[in-house]
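Participant: Here are the chains, one letter per residue:
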Amino acid sequence: MYVAVKGGERAIDNAHAFLAEERRGDVSVPELSVDQIREQLKLAVNRVMAEGSLFDPDLAALAIKQARGDLIEAVFLIRAYRTTLPRLGASKPIDTSAMACVRRISATFKDAPGGQVLGPTFDYTHRLLDFKLLAEGEAPQAARAPAMPAAVPHIADFLNRDGLIEQDTANDTTPPDLTREPMELPASRALRLQAITRGDEGFILSMAYSTQRGYGRTHAFVGELRIGTVPVEMDIPELGFAIQIGEIEVTECETVNQFKGSKTEPPQFTRGYGLVFGQSERKAIAMSLVDRALRWKELGEDNSGAPAQDEEFVLMHADNIQATGFLEHIKLPHYVDFQAELEMVRHLRAEATREAAE
Amino acid sequence: MSLAPQAMTGGFADAPVQSARAFRAALDALSRPGRIVAVEGVQPPAPLSVAAGVLLLTLADGTTPVHLAGAFDCAVLRDWITFHCGAPLVGSDAATFAVGDWSALHPVGRFAIGRADYPDRSATLIVELDHLTAAGARLTGPGIADVAHLSLPDIAAFQHNRALFPLGFDTFLTCGDRLAGLPRSTRVEAV
Amino acid sequence: MPEPQPNPTARQIWMGVLARCRPDRLAALMPDLAAHVVLRPAEVGAVMVRGRVGAVGSPFNLGEMSVTRCSVRLDDGAVGHGYVQGRDKGHARRAAVLDALMQTTQAPDLQATVLDVLIAEEAAGRQARAEKAASTRVEFFTLVRGEDK
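Chains as they are written, first to last, in the numbering used here: chain A, -7 to 350; chain B, 2 to 192; chain C, 462 to 610.
Some hints could be false.
[Said to hold, decoys possible] Below, computed lysine-lysine pairings styled on DSS-like, alpha-carbon distance capped at 27 angstroms:
hint : chain 1 : residue 1 : chain 2 : residue 2
1    : A       : LYS(-2)   : C       : LYS593
2    : A       : LYS255    : A       : LYS323
3    : C       : LYS550    : A       : LYS34
4    : C       : LYS593    : A       : LYS57
5    : A       : LYS(-2)   : A       : LYS34
6    : A       : LYS323    : A       : LYS289
7    : A       : LYS323    : A       : LYS57
8    : A       : LYS84     : C       : LYS550
9    : A       : LYS102    : A       : LYS(-2)
10   : C       : LYS550    : A       : LYS102
11   : A       : LYS(-2)   : A       : LYS323
12   : A       : LYS124    : C       : LYS593
13   : A       : LYS(-2)   : A       : LYS57
14   : A       : LYS289    : A       : LYS252
If you are wondering where the hints come from, they were derived from the structure by calculation, not from laboratory data.
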């Protein structure tokens, strides 16, 4: 059976108009500007940039406004927009040791060279609602102190010197890109990191939390967490040399994890790594825990069957745009599918009733 | 390093609109094998034809390696492609697009034909011809209502390619500002 | 480890300043554009930003950033390229014209009236942020414990 429906078009147009009016809300309240969102809801903007996988604060702010504050919808808008952009190239890997840090802490070394810098953190707030913010017109002032040297070394470098932490060496292989080629499993660590850094913050957080509660435990400490800006450099073919094409804010987290050793590796510390656009501290820490949990195979650890150790489970369910697309499609018309199911249930019931009667 | 001055001219003046039109023309040509379409919008340096230049600027970018075969592998053309589409220039086995005349592209067995799970990971050949007419080899298959004819530079190579289906390379034939498409699905016979 | 940075050339420095500066500041400092032909029209695109696994290992794709580029040629033949962060086509074109002019005799004048101003403003902004961060630096004191006597 085929059911044709007419008249949906006007309803859809009117739904769009209703949506636009609801987005604006009470017109006696001043309209929110994109600049206000970018400056005053910066962490929401950062999340949309990280999961939208496009660093552009103005666009992320616009997406949040258009999506009425629904951040996953805003991420969807950014993902859709980025597909329209020509790819001009790939940057050189950013050098996070050259970061101009506004925050840099270590849970493992209190005397970390370069110092512990708290930055603009919620950590020591009391989580009491501040009713003073109800009043407008405040322009708070931060304190100042003599600035420190611009770049501070990574803390893992110090453990490296004693050979107590696994070594990693630089290379310049071209990493796989899941925005260009479908993800293939098993995935390299580079591909896993790309999938996790653009994954849903809530999902990555829950996966990381599950490892802390014992599902694939990795005994993680935050070796270092840093937030700040780094320049982005790209080789320009027509120039024959690299130039800086801008500057981005990122959050980087490196965990130090206990490792009892394996058949091939001596007991030492191992690492998990998180790197996320913007000031996205929770995501960066969670990312580094999930990264470490997924490394069980290359480190020769046991697979305890924990969800966070299951690459297919983590990588295939981390993307909130894929997830919401598949989830929400079931609300769209499935009249024909359902009609078939209805026919079948009626048929089975009729059969069951007849058998009972016999 | 700096690019030759003539390498920095001759690209699309209005890339979004012109490349969209060119893409539509390339799609028409490839989905109707044997149909010859005219394209415009670029002035590439010699020996590249307008049609081959349009195809490269429309289809190639930094993620699609290009192989320049024979006389096409010259400094000014390398610079022109680098400046206008940023495509890396590579050997034949790594190419997503390969450009040249037929004798330089041959043997075509060295180009990628895709994999069983990803048949699309194959090369597209852009074959520059001295003449391109709707006469010669007999073409049948998807996109051809009855039969079409095209002045192909070879028969056996395209027959062998068809036998690899769903693997195989796809081909554009270019001459001046005109082009035709020959997808891997087309059956080719001598007349 | 990341490769050591060789000292940037003067052109690398000014192109970087132009990439990072605000479009409205550049337009205010250089309102007029010298006569030029456009070689490659201003184009908004994306650059895939890469990081390194564990900050030092293999590259991985972190996500894209928006970048706009433009290439121009002045009447005297100087070619300029602009690559700027964001989606402002006017910014990219202005940066390209300035890049070309910096290869002409006008360079010292433009260095003083445009680039040095942008550099100073950027440095002041960085300094302010660094000072605020420094004010949140923790000073630990290790207390002597009894059994160590």
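Participant: Which numbered hints are broken by the structure, listed smallest first?
Facilitator: 1, 2, 4, 5, 6, 9, 10, 13
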